[in-house]
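Asks: Sequence:
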Amino acid sequence: MSIEVVIARFDENVSYISEINQQIFLYDKSGSVKNAKYIPCIGREDFTYLYHILNSEDNDNTHICFLQGNPFDHCPDILSILNSPIDSDLIWLNDYFGNKLIRTGLHGDAHHLHVGQITEMLFESTPEEWDFNPGAQFIISKQIIRSRNRKFWECCLDISTSVEEAAWKFERTWPLIFNLNIKSKSHL
1058 MSIEVVIARF DENVSYISEI NQQIFLYDKS GSVKNAKYIP CIGREDFTYL YHILNSEDND
1118 NTHICFLQGN PFDHCPDILS ILNSPIDSDL IWLNDYFGNK LIRTGLHGDA HHLHVGQITE
1178 MLFESTPEEW DFNPGAQFII SKQIIRSRNR KFWECCLDIS TSVEEAAWKF ERTWPLIFNL
1238 NIKSKSHL
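Per my numbering, the very first residue in the sequence shown carries number 1058; after that it's consecutive.
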C-alpha cells in the first residue's frame, strides 16, 4: 500500500519531511517554503485537509496521511509509522493522551465544544455521543474518502471557513465523517 502525506503548515519547521519515504503534499500558509503549495491562511488543518481532498489529482496511492505542520506533539512515532506497512483503513495518529479516546457528543464535551451545528449540516442523524482521538492527524484509505461525494466535501470545506472553532469541531467530527454507517444529508 502506498501513502500520500498531506502536511498542513503555517510556520512550523518541516525539515523532517526528508525522512519520509512517501509522496508528500506540503501545503504552506505562510508563503515562505520553496517547493510547497501555497494556500491562503484560512482556518487550521481542517481547511488544508479538505482543500487537498477536493483539489488533488487522483493517483495510485491507496491511503492519505493528514498531518499538522508539527506532527510530533501528538504523534512522536510518526516517522516510523509512515515508513512502515499500513494494514488498516483508518489509523488515528495520536499519543498525546496515551492514545486514549475522548468522549464527545452533540451537546459538547469537557472543552464545551458543541459539534451539533456541524453534524446537523452533514448527517441525517448521529449518535448522541461518540469517541474521538484528539490531534486531528490520521491515515485514511482513499476508498473511505471516495465513499462521500464531492458535494459532501465541499460542504465540509464551507463549514471549515464559516463555523466558529471549526478545526476543533472537525477534530471531534472526523470519526463520524469516516463512519460509512452514518448517512450524509440527502442533498449532499
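Errors might be hidden in some of the hints.
[What the hints assert, rightly or not] If you anchor each label on the Cβ, the simulated ranges turn out as follows:
{"hint": "1", "residue 1": "LEU1111", "residue 2": "SER1243", "range": "18 to 28 Å"}
{"hint": "2", "residue 1": "PRO1133", "residue 2": "SER1182", "range": "15 to 25 Å"}
{"hint": "3", "residue 1": "LEU1111", "residue 2": "SER1059", "range": "12 to 22 Å"}
{"hint": "4", "residue 1": "ASP1130", "residue 2": "ARG1207", "range": "14 to 24 Å"}
{"hint": "5", "residue 1": "ILE1138", "residue 2": "LEU1111", "range": "32 to 42 Å"}
{"hint": "6", "residue 1": "SER1243", "residue 2": "ASN1127", "range": "32 to 42 Å"}
{"hint": "7", "residue 1": "GLN1079", "residue 2": "PRO1133", "range": "29 to 39 Å"}
{"hint": "8", "residue 1": "GLU1076", "residue 2": "GLU1177", "range": "21 to 31 Å"}
{"hint": "9", "residue 1": "GLU1076", "residue 2": "GLU1186", "range": "36 to 46 Å"}
{"hint": "10", "residue 1": "GLY1173", "residue 2": "LYS1208", "range": "30 to 40 Å"}
{"hint": "11", "residue 1": "ASP1134", "residue 2": "GLN1080", "range": "33 to 43 Å"}
It is worth saying that the hints were derived from the structure and are not from the lab. Just so we're clear, the structure is a prediction, and the values are computed from it rather than from any experiment. Just so it is clear, CB atoms sit at the ideal spot from N, CA and C, and this is done for glycine as well.
Asks: Among the hints numbered above, which are violated by the structure, and what are their numbers in rising order?
Replies: Of the numbered hints given earlier, those the structure breaks are 2, 4, 5, 7, 8, 10 and 11, listed in rising order.
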